Each structure stands twice: as structure tokens, then as C-alpha cells.
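According to full-length UniProt numbering, the sequence shown is numbered sequentially starting from 1.
Since the hints were made in silico from the structure, they are not lab data.
One thing to keep in mind: the hints can contain errors.
The calculated lysine to aspartate or glutamate pairs, modelled on EDC-like cross-linking and capped at a C-alpha distance of 20 Å, are [to be verified]:
{"#": "1", "residue 1": "157", "residue 2": "119"}
{"#": "2", "residue 1": "71", "residue 2": "268"}
{"#": "3", "residue 1": "103", "residue 2": "173"}
{"#": "4", "residue 1": "296", "residue 2": "310"}
{"#": "5", "residue 1": "6", "residue 2": "35"}
{"#": "6", "residue 1": "360", "residue 2": "375"}
{"#": "7", "residue 1": "312", "residue 2": "74"}
{"#": "8", "residue 1": "103", "residue 2": "77"}
{"#": "9", "residue 1": "103", "residue 2": "317"}
{"#": "10", "residue 1": "103", "residue 2": "180"}
{"#": "11", "residue 1": "157", "residue 2": "196"}
{"#": "12", "residue 1": "314", "residue 2": "141"}
{"#": "13", "residue 1": "71", "residue 2": "87"}
{"#": "14", "residue 1": "71", "residue 2": "310"}
{"#": "15", "residue 1": "120", "residue 2": "180"}
{"#": "16", "residue 1": "157", "residue 2": "141"}
{"#": "17", "residue 1": "265", "residue 2": "276"}
{"#": "18", "residue 1": "101", "residue 2": "87"}
{"#": "19", "residue 1": "232", "residue 2": "180"}
{"#": "20", "residue 1": "120", "residue 2": "141"}
{"#": "21", "residue 1": "312", "residue 2": "77"}
{"#": "22", "residue 1": "296", "residue 2": "212"}
{"#": "23", "residue 1": "48", "residue 2": "26"}
{"#": "24", "residue 1": "6", "residue 2": "51"}
{"#": "25", "residue 1": "360", "residue 2": "372"}
{"#": "26", "residue 1": "232", "residue 2": "253"}
{"#": "27", "residue 1": "312", "residue 2": "276"}
{"#": "28", "residue 1": "48", "residue 2": "15"}
{"#": "29", "residue 1": "232", "residue 2": "78"}
{"#": "30", "residue 1": "374", "residue 2": "308"}
{"#": "31", "residue 1": "157", "residue 2": "87"}
{"#": "32", "residue 1": "232", "residue 2": "196"}
{"#": "33", "residue 1": "71", "residue 2": "375"}
{"#": "34", "residue 1": "360", "residue 2": "308"}
{"#": "35", "residue 1": "71", "residue 2": "196"}
{"#": "36", "residue 1": "71", "residue 2": "266"}
{"#": "37", "residue 1": "48", "residue 2": "14"}
Bear in mind that the values here come from a model prediction, so they are computed numbers and not experimental data.
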Amino acid sequence: MSSQLKYLMQLIEDENPEVMNTVLEELLSFGPSLELELARQSLRPNAKQREILHGIFEEHNRQWLRFTWPKLFDIYDETARLEQGWEWLAAFQNGRLYPFKVKYLLDQIAHEYLQTHQEKNEITLAQFLFGDEGLKANQHDYHSPLNSNLVHVIREKKGIPLSLASIYILIGERLGFHIEGYNFPGHFLAKINYNDRSVLVDCYNNGLLIDEKHLLFTSNLFSANLTEEDLKSSTNIILSRALRNLIRSYQNEPQNAAFILQLLKDFEELRKEVEDDNKETPTTDHAMFHIGQLVKHTKYGYRGVVVDYDLKCKADDNWYYSNQTQPPRNQPWYHVLVHTSTHNTYVAQNNLVADTSKQKIIHPLVYYFFSEFKDGEYFRNDNNWPNQY
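Working from the sequences, and respecting the hints, build out all of it.
Below, the structure written as C-alpha cells:
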């Protein structure tokens with residue numbers, strides 16, 4: 001079929017309605033690959049052809065996003081999921097061949113900040129983004145769908161509270177800053193920790209700094225029975241709010257409004273399924289095993305000693321999904337030297353039990369990491385992991 005595309009494009013402007021309908025049906029049959037196929041064959045539609053193709057591309061982009069959006073739940077890292085969600089929303093509006101991408105633009109801004117600022121913290125980043133960089137409120141066209149398009153917001157330097165705060169969060173992540181969303185009723189803020197106190201950043205108001213306690217005291221949140229927990233904003237909450245914003249923005253485009261509404265319903269159903277699955281497997285942020293303790297794997301039976309641990313799994317998605325099993329990541333994970341081997345493993349807490357044998361572990365790194373073995377327990381020294389590991 002791709003070999004016919006050149007001829008279909010030549011007929012797309014035919015004045016005969018029957019020919020036109022036939023051509024459109026053929027082009028629709030390409031599905032979401034049509035725009036990619038045009039680019040592959042170096043077919044560049046003229047202005048009139050592009051106008052005719054616009055409706056087809058819109059439908060293809062809806063199909064593509066409906067298929068792609070659920071894959072967000074395959075991304076464990078919260079910030080990576082947030083960025084990917086915004087990336088896909090931009091691709092839905094701009095087309096997947098649009099040359100500017102969210103990641104590229106965010107990388108550019110982060111690089112510029114690093115090059116121009118000696119004092120690097122959340123405050124100077126806010127001053128840079130909403131001062132020097134010129135990102136500001138789009139008060140004159142607040143309800144435009146493009147305010148939920150991070151590529152457009154960054155390039156035009158205008159957005160709404162949610163998109164501006166998301167840019168702040170995503171660039172902060174690149175710089176090692178911890179910035180959270182703050183789901184304030186009727187508004188959206190960012191939250192940082194500065195000088196051991198919680199400070200809110202109003203990205204829609206030139207990066208205005210607000211004391212969290214003062215805001216809670218002076219607002220009507222308590223009368224509305226809202227707690228600080230209610231105001232916390234996870235990636236899923238941000239993306240859900242982005243979809244709700246788009247539904248309102250597309251009120252004059254019923255087809256897109258209905259599509260985004262269905263996307264939101266699908267998203268909320270999947271979100272509930274994931275949350276229910278997590279509840280079925282209780283997790284904890286409390287480490288049951290300590291460094292130097294002997295442990296045993298419940299499934300594979302090997303013995304080992306704990307060298308280090310993380311309160312949550314820090315392995316990347318490629319490593320996690322390549323495992324034969326995927327224990328919940330929201331629990332402590334342990335670095336374990338395996339007895340009578342040269343291996344070290346990264347193991348979820350629910351796959352370990354204490355080894356009460358009090359027998360030494362034979363492993364080449366035991367004497368590198370531990371200075372003493374006494375009463376069935378090893379005592380850790382200050383050595384870091386060797387480079388080859």
C-alpha cells in the first residue's frame with residue numbers, strides 16, 4: 001500500500017467527490033503510520049493538501065495516543081513517567097514528526113541554568129525560569145489547549161499553573177533538586193524545602209515564594225476538611241489534572257473533548273487497578289535486615305550477607321523488567337554477597353528471611369567490605385564498591 005501513497009497524494013485535491021472519498025478512505029487505512037510514511041518517502045504536502053490531511057492526522061493521533069497512554073504505567077520512576085506523559089500530549093497536538101521535543105527543550109534550559117548560575121538551588125532556579133528565562137502566565141488565552149502542551153509553553157514562554165509547575169519540577173529533577181507538586185484547590189503550586197522549612201512556589205505568579213504554614217492558616221482549606229496529605233500531588237494526579245484541563249480547553253472541539261474524556265476514564269481505571277494491586281502486596285519503608293546481617297533467599301535458597309540497602313528499588317526499568325519476577329519496588333531492596341560465588345544480588349525484602357546458621361559467607365568481597373565477623377554477624381568498614389562492580 002505504501003507504494004501507492006505518492007499517487008494518492010496526487011489525487012487528494014481531485015474535485016470529483018467520489019474520487020476524493022476513495023482517496024480519503026485509502027489514506028485513513030494507513031492508520032497512525034501515515035505521517036511517518038509521508039516523511040519516509042519525502043512526500044511534502046502543500047498547504048491545501050496539508051489542510052485536507054489535518055483531519056486524518058487528528059484521528060490518527062487520537063488512535064495513537066489511546067494505544068500509547070496506558071504504557072505510562074510501565075514506567076516506575078515518577079519523574080520519568082511525568083515527563084513521558086507531557087511528551088505524548090505534546091506529540092498528540094503537534095504531530096509525532098514535530099521537530100521539537102519536551103526532553104530536548106528541558107535539557108536546553110537546564111544546561112543554560114548550569115552555565116549562568118554559581119549558586120544552584122531551588123530558589124535561584126525559580127528566579128531563573130520565571131524571571132530571566134521569561135516563563136510567565138498566559139492570562140490572555142488561559143483556556144487554550146496549547147497551555148497543556150509543554151513544547152508550546154516553553155517555546156512561547158506562556159502557560160498555566162500546572163504546565164509551568166511541571167517544567168519547574170522536571171528541570172529541578174535534572175539538577176538533583178527535589179520539587180513536588182502541590183494540588184491547591186483552583187490553583188497549582190510547587191513545593192520545595194528551603195532552610196529546613198516548606199516553601200511553596202507560585203510558578204504562575206513569577207515564582208512568588210509562599211510560606212506553606214501561612215497559606216494553610218489563612219486559606220479556607222481547613223473549613224473544607226482538606227489536609228496536607230490531600231494537597232500532595234503525585235505524577236498520576238498531575239497527569240489526570242492535565243487531562244481534565246484539556247477536556248475544558250477542547251469545549252469548542254467536541255471530538256477532541258470526547259476523546260480526552262475517554263482517555264481520562266481509561267487512565268483512572270488503570271490507576272485504580274495499579275493502586276489496588278499495590279495494596280494487595282503490603283509494602284514497608286522499614287528495613288527488616290541490617291548491613292552485615294546473614295540472610296537467605298526464600299525462593300532460590302542461597303545464603304548471603306547484606307552489604308547495603310535502599311528503602312525503595314533504585315534499579316532502572318530495563319533491569320527490573322528483565323528479571324524473571326518483579327517484586328513490588330516500593331519496599332526495601334538489599335545488596336547481598338552470595339555465599340560460595342563471586343556474585344552479588346539486588347533482592348527485594350519480601351524474598352529474604354534471616355539466616356540463623358551463624359556460618360561465615362565465602363565470597364571474594366567479604367574481607368573488602370567487612371572488618372570483623374562475630375556471633376554470626378559481619379561489621380561493615382567504610383570501603384565503597386570497587387569500580388568493576
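Going through the hints against the structure:
1. Proximity of residue 157 to residue 119 is assessed by CA-CA distance (about 24 Å); at most 20 Å being required, the pair is judged violated.
2. For the hint pairing residue 71 with residue 268, the CA-to-CA distance comes to about 13 Å; that is within 20 Å, so the pair holds.
3. For the suggested pair residue 103 and residue 173, the alpha carbons sit about 12 Å apart, so the restraint of at most 20 Å is met.
4. About 18 Å separates the Cα atoms of residue 296 and residue 310, which keeps this hinted pair within 20 Å; it holds.
5. Distance check on the hinted pair: residue 6 and residue 35 sit about 13 Å apart at the alpha-carbon level, within 20 Å; holds.
6. Between residue 360 and residue 375 the CA atoms are separated by roughly 10 Å; this keeps the pair inside 20 Å, and the hint holds.
7. The hinted pair formed by residue 312 and residue 74 meets the criterion: a straight-line CA distance of about 17 Å does not exceed 20 Å.
8. Restraint check for residue 103 and residue 77: the C-alpha separation of about 16 Å stays at or below 20 Å, so the hint holds.
9. At most 20 Å may separate the alpha-carbon atoms for a hinted pair to count; residue 103 and residue 317 meet this at roughly 18 Å.
10. A threshold of 20 Å between alpha carbons decides the hint, and for residue 103 with residue 180 the separation of about 19 Å falls inside it, so the pair holds.
11. Pair hint residue 157 plus residue 196 does not hold up; C-alpha atoms about 31 Å apart against a cutoff of 20 Å.
12. For the proposed pair residue 314 and residue 141, the alpha carbon gap of about 41 Å is over 20 Å, so the pair is violated.
13. Distance restraint check for residue 71 and residue 87: the Cα-Cα separation of roughly 13 Å lies within the 20 Å cut-off, and the hinted pair is therefore satisfied.
14. Annotation: proposed proximity of residue 71 to residue 310 is violated, straight-line Cα distance about 26 Å (limit 20 Å).
15. Straight-line distance between C-alpha atoms of residue 120 and residue 180 comes to about 18 Å, which keeps the hinted pair within the 20 Å bound.
16. In summary, the hint linking residue 157 to residue 141 is supported, as the alpha carbons are separated by about 13 Å, within the 20 Å threshold.
17. Simply put, residue 265 and residue 276 have alpha-carbon atoms about 16 Å apart, close enough for the 20 Å limit, and the pair holds.
18. The straight-line distance between the Cα atoms of residue 101 and residue 87 is roughly 7 Å, inside the 20 Å bound, and the hint therefore holds.
19. The straight-line distance between the Cα atoms of residue 232 and residue 180 is roughly 8 Å, inside the 20 Å bound, and the hint therefore holds.
20. Annotation: proposed proximity of residue 120 to residue 141 is violated, straight-line Cα distance about 33 Å (limit 20 Å).
21. Straight-line distance between C-alpha atoms of residue 312 and residue 77 comes to about 11 Å, which keeps the hinted pair within the 20 Å bound.
22. Distance restraint check for residue 296 and residue 212: the Cα-Cα separation of roughly 46 Å exceeds the 20 Å cut-off, and the hinted pair is therefore not satisfied.
23. Straight-line distance between C-alpha atoms of residue 48 and residue 26 comes to about 18 Å, which keeps the hinted pair within the 20 Å bound.
24. Under the criterion of a C-alpha separation no larger than 20 Å, the hint pairing residue 6 with residue 51 is consistent with the structure, at around 17 Å.
25. The straight-line distance between the Cα atoms of residue 360 and residue 372 is roughly 11 Å, inside the 20 Å bound, and the hint therefore holds.
26. Using a Cα cut-off of 20 Å, the hinted pair residue 232 and residue 253 is violated, with the two alpha carbons roughly 32 Å apart.
27. For a cut-off of 20 Å, the pair hint linking residue 312 to residue 276 stands: about 19 Å separates their Cα positions.
28. Taking the CA atoms of residue 48 and residue 15, the gap is about 13 Å. The hint holds against a cut of 20 Å.
29. Annotation: proposed proximity of residue 232 to residue 78 holds, straight-line Cα distance about 14 Å (limit 20 Å).
30. At most 20 Å may separate the alpha-carbon atoms for a hinted pair to count; residue 374 and residue 308 meet this at roughly 18 Å.
31. Distance hint between residue 157 and residue 87 is fulfilled; the C-alpha atoms sit about 17 Å from each other, no more than 20 Å.
32. In summary, the hint linking residue 232 to residue 196 is supported, as the alpha carbons are separated by about 18 Å, within the 20 Å threshold.
33. With a C-alpha separation of about 49 Å, the suggested pair residue 71 and residue 375 falls outside the 20 Å cut-off, and the hint is violated.
34. Taking the CA atoms of residue 360 and residue 308, the gap is near 18 Å; set against the 20 Å cutoff, the hint holds.
35. Distance check on the hinted pair: residue 71 and residue 196 sit about 37 Å apart at the alpha-carbon level, beyond 20 Å; violated.
36. Distance hint between residue 71 and residue 266 is fulfilled; the C-alpha atoms sit about 12 Å from each other, no more than 20 Å.
37. Taking the CA atoms of residue 48 and residue 14, the gap is near 12 Å; set against the 20 Å cutoff, the hint holds.
Hint check: violations occur at hints 1, 11, 12, 14, 20, 22, 26, 33, 35; the rest are consistent with the structure.
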